[in-house]
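Protein chains: 2
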Amino acid sequence: MAASSSPHALLVQQPLRPSSPLPCKQALLVAPLRRKTRLSTISCTAVRSPPVSPSVATGRIFNFAAGPATLPESVILKAQAELYNYHGSGMSIMEMSHRGKEFDAVIKKAESDLRLLLGISDDYAVLFLQGGATTQFSAVPLNLCAPGDSADFVVTGSWSDKAFKEAQKFCKANLIWSGKSEKYTKIPAFDGLEQNPDAKFLHICGNETIHGVEFKNYPSPSNKNALLVADMSSNFCSKPVDVSKFGLIYAGAQKNVGPSGVTIAIVRKDLIGNAQPITPVMLDYKIHADSASLYNTPPCFAIYICALVFEDLLEQGGLAGVEKKNQKKAGILYDTIDESNGYYVCPVEKSVRSLMNVPFTLKKSDLEKKFIEEAAKEGMVQLKGHRSVGGVRASIYNAMPFAGVEKLVAFMKDFQARHP
Amino acid sequence: MAASSSPHALLVQQPLRPSSPLPCKQALLVAPLRRKTRLSTISCTAVRSPPVSPSVATGRIFNFAAGPATLPESVILKAQAELYNYHGSGMSIMEMSHRGKEFDAVIKKAESDLRLLLGISDDYAVLFLQGGATTQFSAVPLNLCAPGDSADFVVTGSWSDKAFKEAQKFCKANLIWSGKSEKYTKIPAFDGLEQNPDAKFLHICGNETIHGVEFKNYPSPSNKNALLVADMSSNFCSKPVDVSKFGLIYAGAQKNVGPSGVTIAIVRKDLIGNAQPITPVMLDYKIHADSASLYNTPPCFAIYICALVFEDLLEQGGLAGVEKKNQKKAGILYDTIDESNGYYVCPVEKSVRSLMNVPFTLKKSDLEKKFIEEAAKEGMVQLKGHRSVGGVRASIYNAMPFAGVEKLVAFMKDFQARHP
Numbered sequence: 001m002a003a004s005s006s007p008h009a010l011l012v013q014q015p016l017r018p019s020s021p022l023p024c025k026q027a028l029l030v031a032p033l034r035r036k037t038r039l040s041t042i043s044c045t046a047v048r049s050p051p052v053s054p055s056v057a058t059g060r061i062f063n064f065a066a067g068p069a070t071l072p073e074s075v076i077l078k079a080q081a082e083l084y085n086y087h088g089s090g091m092s093i094m095e096m097s098h099r100g101k102e103f104d105a106v107i108k109k110a111e112s113d114l115r116l117l118l119g120i121s122d123d124y125a126v127l128f129l130q131g132g133a134t135t136q137f138s139a140v141p142l143n144l145c146a147p148g149d150s151a152d153f154v155v156t157g158s159w160s161d162k163a164f165k166e167a168q169k170f171c172k173a174n175l176i177w178s179g180k181s182e183k184y185t186k187i188p189a190f191d192g193l194e195q196n197p198d199a200k201f202l203h204i205c206g207n208e209t210i211h212g213v214e215f216k217n218y219p220s221p222s223n224k225n226a227l228l229v230a231d232m233s234s235n236f237c238s239k240p241v242d243v244s245k246f247g248l249i250y251a252g253a254q255k256n257v258g259p260s261g262v263t264i265a266i267v268r269k270d271l272i273g274n275a276q277p278i279t280p281v282m283l284d285y286k287i288h289a290d291s292a293s294l295y296n297t298p299p300c301f302a303i304y305i306c307a308l309v310f311e312d313l314l315e316q317g318g319l320a321g322v323e324k325k326n327q328k329k330a331g332i333l334y335d336t337i338d339e340s341n342g343y344y345v346c347p348v349e350k351s352v353r354s355l356m357n358v359p360f361t362l363k364k365s366d367l368e369k370k371f372i373e374e375a376a377k378e379g380m381v382q383l384k385g386h387r388s389v390g391g392v393r394a395s396i397y398n399a400m401p402f403a404g405v406e407k408l409v410a411f412m413k414d415f416q417a418r419h420p
Numbered sequence: 001m002a003a004s005s006s007p008h009a010l011l012v013q014q015p016l017r018p019s020s021p022l023p024c025k026q027a028l029l030v031a032p033l034r035r036k037t038r039l040s041t042i043s044c045t046a047v048r049s050p051p052v053s054p055s056v057a058t059g060r061i062f063n064f065a066a067g068p069a070t071l072p073e074s075v076i077l078k079a080q081a082e083l084y085n086y087h088g089s090g091m092s093i094m095e096m097s098h099r100g101k102e103f104d105a106v107i108k109k110a111e112s113d114l115r116l117l118l119g120i121s122d123d124y125a126v127l128f129l130q131g132g133a134t135t136q137f138s139a140v141p142l143n144l145c146a147p148g149d150s151a152d153f154v155v156t157g158s159w160s161d162k163a164f165k166e167a168q169k170f171c172k173a174n175l176i177w178s179g180k181s182e183k184y185t186k187i188p189a190f191d192g193l194e195q196n197p198d199a200k201f202l203h204i205c206g207n208e209t210i211h212g213v214e215f216k217n218y219p220s221p222s223n224k225n226a227l228l229v230a231d232m233s234s235n236f237c238s239k240p241v242d243v244s245k246f247g248l249i250y251a252g253a254q255k256n257v258g259p260s261g262v263t264i265a266i267v268r269k270d271l272i273g274n275a276q277p278i279t280p281v282m283l284d285y286k287i288h289a290d291s292a293s294l295y296n297t298p299p300c301f302a303i304y305i306c307a308l309v310f311e312d313l314l315e316q317g318g319l320a321g322v323e324k325k326n327q328k329k330a331g332i333l334y335d336t337i338d339e340s341n342g343y344y345v346c347p348v349e350k351s352v353r354s355l356m357n358v359p360f361t362l363k364k365s366d367l368e369k370k371f372i373e374e375a376a377k378e379g380m381v382q383l384k385g386h387r388s389v390g391g392v393r394a395s396i397y398n399a400m401p402f403a404g405v406e407k408l409v410a411f412m413k414d415f416q417a418r419h420p
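For the protein sequence lines, the chains are A and B, in the order given.
So in UniProt numbering, spot 30 of the first sequence is number 30, and the numbers just go up one at a time.
So in UniProt numbering, spot 145 of the second sequence is number 145, and the numbers just go up one at a time.
These are computed hints drawn from the structure, not numbers from a lab.
Mixed in with the good hints there might be a few duds.
Which copy? The list can't say, so a pair holds if one copy fits it or any two copies do.
[As the list claims (entries may be wrong)] With a straight-line Cα cutoff of 25 Å, these simulated PhoX-like cross-link-like pairs (lysine-lysine) come out: (1) K169 <-> K286; (2) K286 <-> K377; (3) K101 <-> K369; (4) K101 <-> K370; (5) K101 <-> K377; (6) K369 <-> K109; (7) K286 <-> K101.
This structure is a prediction, so every number in the text was calculated from the model and none was measured.
Pulled out of the complex, with its shape left as it was, chain A reads as follows:
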């Protein structure tokens, strides 16, 4: 009674048209598809329609959003191809039991690929959680501190400030450095940090999404028993990291590695199992570590997309190469800003400028709205700075192609020439 065969997946890649600057890869898909199958008996002829309206974008645009953010085009195409019938199972990945063999393979591969990418040893648990980094702002002190314990916070922007404020509910949280008076444009010198000798951990935010400051290396807790804890939401998997320097790394996926809805925690195993009694069950790392992130139903689809992204990053050769690409992209953008004779201004100290989020302003701030609107018309969207700081922000995560940044800097130069 098994169903008979049906047409198979056909992915047709068309060459980029010289007239189009967009990565307009086109895929012709048959929904109930199967992998590794014969394509030879399907023939298709696609003839372009004339544009219905030149203002309607038909292909990929360059999406500079801070998160949710652009994903690798190949990942979206694969997810689309598989969405109706995952690997011939007759079900969408969205419909599958999280305890079935298909999803089991997905989450295990996601974990093992992430371990490869970041060189995560068996001393660490890798957890796929829900609730965003904001949930971890509570979970970190609840899991690592007794109520009276002390913990140190370096506040380099809005996100580490939120982590610091939330931690005050659950431990004695100390603000040992704040960049607020300098509008969050700096990272402190590590030797000048006055850490508390009894602090259980030292918390940093690896990259501040809103302010665009990024740690290029990491401080060590002065107390040998203390732990370094990092929110790496917005630069996770954008470069190699020596995980062994950290007690805990956590990251919302929706910048570099997936859609929103899944949060990854990498926790040194010996730290697990000491949550405060008031810890909600879903915030207790032990619960998730003991059940391999399957204590209750996980966000399966988001984990599946992460798995595709990790696979893609490995196929690119891993994070050292990814970092080089990110340096090159950020390089031409910061150079354009710095060589604009003050037309564009990035307030962040050069040594700690983020490779991921590039905030800048126009000297003539009344032109910023026009800048953002014109860029959008040319297929570069989501360039508005965060509502708390204004200006312009270009988020250029792993999946932003070099061509996208090239196009942006060409536009910036042109805009400057047209509006001197």
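Fit chain B to the supplied structure of chain A, relying on the hints for placement.
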């Protein structure tokens, strides 16, 4: 500089083949697609390959999983068609800022359609959260009780038991009735419930996914000021509910209304704003109500799928009609069990049998493995009972077609005839 046009979406529906009992709708999709556009200049000729292997299912199968569970086929096809380029935006819905106009329209429509479906008044907030019902097991007492407050729990199965146990961390939780000694096959008579006069709320689980017992109507808290609170994860939107009888309803989406990764809470507004000081920020309803579920990045894709499901339920005419369909499906399944002369046994008391989850055993329990295996071969999967209870369980949520249950009961009769 706008991109030029590209091939457009083409949805080809093929008639069902008489030889196939599966709802094998087939869609031919062009990935970078746009709605409402001209199709005439695309021509495709698809010639079937012979089956690679007859054992590989190529179309939809009937998925009886308890959750994540089957979704409406039309929803999956629509999500697939839109995945690469959402409404001509040049982005996937997965890549969009949660504060952009496209996602804003999605989440607002999801909320307004859900309000229509359930007749939710403005006295209630509708929240899209993360972490599953299990997170609500903590959030409910944290938001509705001071630490010493009393709350009553009726335990009709595993899920209400978990809710009761978690609440003990945050309030004085009273177990006022348990079906454990009768293996969770009953719902108590409401007039016999010994409620505590000082209880802040009375908690029930509307439908126990594992044990298959469902409330057909609802008890009232004896204290006029107390609230009825229900976990409706596994029968949410399967029938009309008078929301005004409840202080709070919560539900994980992954049964009737979406994929895993989003949890919906319907909270009476006057109850919001009194969370205990130790409430993690992400568990505080006020945080989410004040920011329309956008305090931090929500699980955008999961919410988008829910929006498509709500739209589909409205197009079906709403929940009264959906309930009728569910009654009809469950009816033929329970009839088959009851008319099998004890070959199949459902342990649940008839008056409270779930329309969603139908657990049963075979008198000859050694045949259960064979039953499940043979059903899978015929395209009916995920029929294994929960690991804690064994046996067989057919979850027949909204999106399970009548044809799926018809096929299951035909198989059951045939199996019984073949293995008397």
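Hints versus structure:
1. K169 <-> K286: Classified as both: same-chain Cα gap 21 Å, cross-chain 17 Å, threshold 25 Å.
2. K286 <-> K377: neither (49 Å within a copy, 38 Å between copies)
3. K101 <-> K369: between (51 Å within a copy, 17 Å between copies)
4. K101 <-> K370: between (52 Å within a copy, 19 Å between copies)
5. K101 <-> K377: between (46 Å within a copy, 16 Å between copies)
6. K369 <-> K109: Neither, since 44 Å and 29 Å both go past 25 Å.
7. K286 <-> K101: Intra 24 Å, inter 39 Å, cutoff 25 Å: intra-copy only.
Comparing the model with each numbered hint stated earlier shows that hints 2 and 6 do not hold.
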